[in-house]
Amino acid sequence: MSGRVLTSSAIVDIATDRSVYGRAFLVAAVELGMTFPTPSTALLQAWAAVPPQARALLELFLDAPAVVVEDLDAFVAGRAGVRAHPAHQAGRFDLAAAHAVDVAITRGLAILTAEPGPLRAIDPDVEIEELPAP
Amino acid sequence: MSGKKERITVSLDPDVAAELKAAAERAGAASVSEYVEGALDARMVREQWLARWRAAAGDVDPEALAYARRALLGERIDQHPQAS
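Chain order of the listed sequences is A and B. Counted the way the working numbering counts, the first sequence spans residues 1 to 134. Counted the way the working numbering counts, the second sequence spans residues 1 to 84.
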């Protein structure tokens with residue numbers, strides 16, 4: 001599998017066009033037949049963050065052939081939670097970031113994000129592709 | 001997909017034809033036809049979605065698209081836009 005794991009910041013960029021690069025990565029991934037595993041927790045954050053007028057594009061994003069939603073089941077929760085324990089102890093825990101890092105490590109993919117900080121707090125070595133500034 | 005099949009003849013470069021047969025075998029397809037049908041179906045799904053996206057969101061900035069393609073393909077990017 002080739003592609004990138006998406007975070008909520010990347011999804012919000014795609015839905016709102018906050019940066020031209022989010023949509024560019026999505027379209028390029030579809031053209032190239034690549035996969036964007038999307039943690040369900042990142043989706044939750046994105047649904048909460050986007051304004052109502054962007055919700056139709058979020059629905060269309062979910063229909064993209066590249067997008068594969070990764071659920072947070074009990075097994076994944078245990079594995080990702082144990083990995084995130086040091087970040088939690090340091091007061092830097094973010095649930096969706098912990099989920100995204102777990103998906104990235106499991107799939108062997110880099111994470112596409114506009115906000116790398118919470119991901120680095122979970123795992124400083126996780127591979128990140130930072131979205132360029134708008 | 002319908003179980004009824006229609007025969008279509010296509011002309012391919014010999015090297016492409018050889019690679020097609022090898023790719024179908026690597027993929028474990030029952031036949032070259034099955035492999036081609038799956039590949040075409042996936043491509044058409046992608047193109048249909050891209051048309052829906054363009055209709056809803058407009059065209060993507062061409063420079064950003066070129067950047068994203070290079071990044072996803074792992075190509076070296078000499079001019080990296082400023083990270084956010």
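Please keep in mind that the hints were generated in silico from the structure rather than gathered at the bench. For every residue, glycine included, the Cβ atom is placed at its ideal position computed from N, Cα and C. Hints are not guaranteed to be accurate.
Claimed, not checked - Pairs of lysine to any residue, SDA-like flavour, derived with a Cα cap of 25 Å:
#	chain 1	residue 1	chain 2	residue 2
1	B	K21	A	L44
2	B	K5	B	E25
3	B	K21	A	E31
4	B	K21	A	S2
Said to hold, decoys possible - Beyond 10 Å from chain B on every Cβ pair, some chain A residues (computed):
#	residue
5	V27
6	L43
7	V50
8	P52
9	V76
Stated by the list, open to error - What the simulated footprint calls covered on chain A by chain B, stretch by stretch (three residues with Cβ under 8 Å from a Cβ of chain B suffice, anywhere in the stretch; the number is not a length):
#	region
10	13-23
11	60-68
12	119-128
Each hint tested on the structure:
For the given pair, K21(B) sits about 44 Å from L44(A) by alpha-carbon distance, which is inconsistent with the 25 Å threshold. Straight-line distance between C-alpha atoms of K5(B) and E25(B) comes to about 21 Å, which keeps the hinted pair within the 25 Å bound. Pair hint K21(B) plus E31(A) holds up; C-alpha atoms about 23 Å apart against a cutoff of 25 Å. For the given pair, K21(B) sits about 23 Å from S2(A) by alpha-carbon distance, which is consistent with the 25 Å threshold.
The claim that V27(A) is not at the interface with chain B is violated, since a C-beta of that chain comes within 10 Å of its own (minimum 5 Å). With a cut of 10 Å on Cβ distances, L43(A) stays outside the contact zone with chain B, its closest approach being about 18 Å. The non-interface label for V50(A) is consistent with chain B: the shortest C-beta to C-beta separation is roughly 13 Å, beyond 10 Å. The non-interface label for P52(A) is consistent with chain B: the shortest C-beta to C-beta separation is roughly 15 Å, beyond 10 Å.
For V76(A), the non-interface assignment is confirmed: its Cβ lies about 25 Å from the closest Cβ of chain B, beyond the 10 Å cut-off. With 5 residues having a Cβ less than 8 Å from any Cβ of chain B, the region 13-23 of chain A passes the three-residue criterion, so the hint holds. For a cut-off of 8 Å, the count of residues in the region 60-68 of chain A with a CB near a CB of chain B stands at 4, and the three-residue condition holds. Residues of the region 119-128 of chain A with a Cβ under 8 Å from some Cβ of chain B number 0, which does not satisfy the need for three, so the listed coverage is violated.
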